[in-house]
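Just so you know, the protein sequences line up as chains X and W, in that order.
Sequence positions in the first sequence follow my numbering and run 30 to 161.
Sequence positions in the second sequence follow my numbering and run 308 to 672.
Calculated pairs, DSSO-like style, for lysine-lysine (alpha carbon to alpha carbon, straight line, at most 30 Å):
#	chain 1	residue 1	chain 2	residue 2
1	W	Lys571	W	Lys377
2	W	Lys333	X	Lys100
3	W	Lys333	X	Lys157
4	X	Lys113	W	Lys660
5	W	Lys632	W	Lys348
6	X	Lys33	W	Lys631
7	W	Lys432	W	Lys571
8	W	Lys660	X	Lys100
9	W	Lys631	X	Lys113
10	W	Lys420	W	Lys441
11	W	Lys584	W	Lys432
12	X	Lys100	W	Lys602
13	X	Lys100	W	Lys631
14	W	Lys432	W	Lys586
15	X	Lys113	W	Lys602
16	X	Lys157	W	Lys316
Taking beta-carbon pairs under 10 Å as the criterion, some of the chain X residues facing chain W (in silico):
#	residue
17	Met30
18	Gly67
19	Val70
20	Glu89
21	Lys94
22	Val96
23	Val115
24	Asn122
Non-contacting residues of chain W with respect to chain X, defined by C-beta distances greater than 12 Å in every case (computed):
#	residue
25	Gln380
26	Ala427
27	Asp450
28	Lys454
29	Gln470
30	Lys519
31	Ser554
32	Gly563
33	Ser644
Bear in mind the hints are in silico, worked out from the structure with no lab data behind them.
Only a predicted model underlies this, so the values are computations on that prediction, with no experimental measurement involved.
No residue lacks a Cβ here, since even glycine has one placed at the ideal position from N, Cα and C.
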Amino acid sequence: MDYKFPEELKYTPTHEWVRVNDTQATVGITDFAQHQLGDIVFVELPEKGMVFEKGSNAVEIESVKAVGDLKMPLSGEIIEINEKIVDNPELVNSSPFNDGWIIKIAFSHPIEIDELITAHEYKVITQKELQQ
Amino acid sequence: MDDEQVNIKKTPLYEMHLSLGARMVKFAGWQMPVQYESIIKEHEAVRSNAGVFDISHMGEFILEGKDVIKFLQHIMINDLNLLKPSKGQYSCMCYENGTVVDDLVYYEETPEKFKMIVNAGNIEKDLQWLNDHKKDFDVNITDLSTKRSRIAFQGPKSDEYLQSIIDIDLSKINRFFFAYCNINESPVFIARTGYTGEKGFELSVDNIHTNKIWNDLINLGATPAGLGARDSLRLEACYSLYGHEISDAITPVEAGLSWLVKPKEGIEYIGKDVLIKQKAEGAQRVLVGLDLVDKGVIRGDYKIFKDETEIGFVTSGGYSPTLKKTIGLGLVKRQYSDVGTEIFIEIRNKLLKGKIVSTPFYRNV
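Take the sequences, apply the hints, and build the full model.
Right, dumping it as structure tokens:
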């Protein structure tokens, strides 16, 4: 199975990807994560304006067989949610890094960006998980 | 290798599933495919075309002897007087208190020879139950579970596809009837039965023919389908799953299967007194269909509330690809079971609005 690991993105060990621009970050779940979950049928999005700390559960993602969480990769406020995935949750499966993006954050602690990992480091983590 | 890996069983189609890209899971001690490409795609293929399922993990027994029918009349709640050679019958075996040992299908080959298909998770228990209760009857039981494989072929195109490679006239096999015949010269036992709510067949074949028959069916244009789709299909059709809608804590009457409880005048069968009474008076709790009004996914074991009162629990839930929404079944107190009743379902500490709806959600048989 060949998963995608776009090099230009940053990642977390908990299977989120992050696209950082100035003061904002776009966040979703990785190709590996969507594959593990299977067909996604419902995404419970937070409301705009909600504030979360890094590591807390911001989004619940329900697939046919499982429930997964999107954990905040950075602390901050939710400024955008992807309305398209409300009616078409399967976009998270088919386009996890583009049309299936999940939230946009205005991050409050830029120093947390340094704690995000690279595509290569994340790939190694997924390989270890597959061996278990 | 650890103990679990040594003891896990594989069907003859294991390598086939891997080659088709299946994601395997442990189910009832077996490595089984939960999906190949996508549960939803496989589900939709069965509803629109045809799907092939490996159900070799299920149990298959032969019961032979002078007293087979008397024996089955004693342990089954359904009535074998309604059966005849070449036909099968769905039934439950129950405990004295009316709860369920297993649900199963038996097929009358002759009045002295029956084939019985049971749930994978109950093979040992069922064999024990049959052996414990056959002492007064002239009956021999042979376990063919690991000697034969079983395949389900389900979908609106299943007749058309199968007719092109089978040597009998399928239009002469009515629902629940069976035949011994050949698929491309491989001998098979084929019954017009199924667990998906579509037209279709269930096959039993000797292990040496399994892979060939699987390939023959796939080559007709059918989609390999895993246990994930098997579950979402049976949920839409509202067929019971042992351990969920029926169990050793739930009776067939509670599960909406009162029609299986037969009077069988003059015949004592295990659980008869309790079940006949419960059928006549109605059970205290009943199985109902569930719809969610708020957004979420219904899953088994979630609690159901009417205002502040806990009234029951979800027995099975999930996503319906046909209705494109979440659906579920639940066991609730009878006085709250009317269709249209507004309820709450507790999903991860939140009470989501729902209502009781009529069932089944889908049938095309």
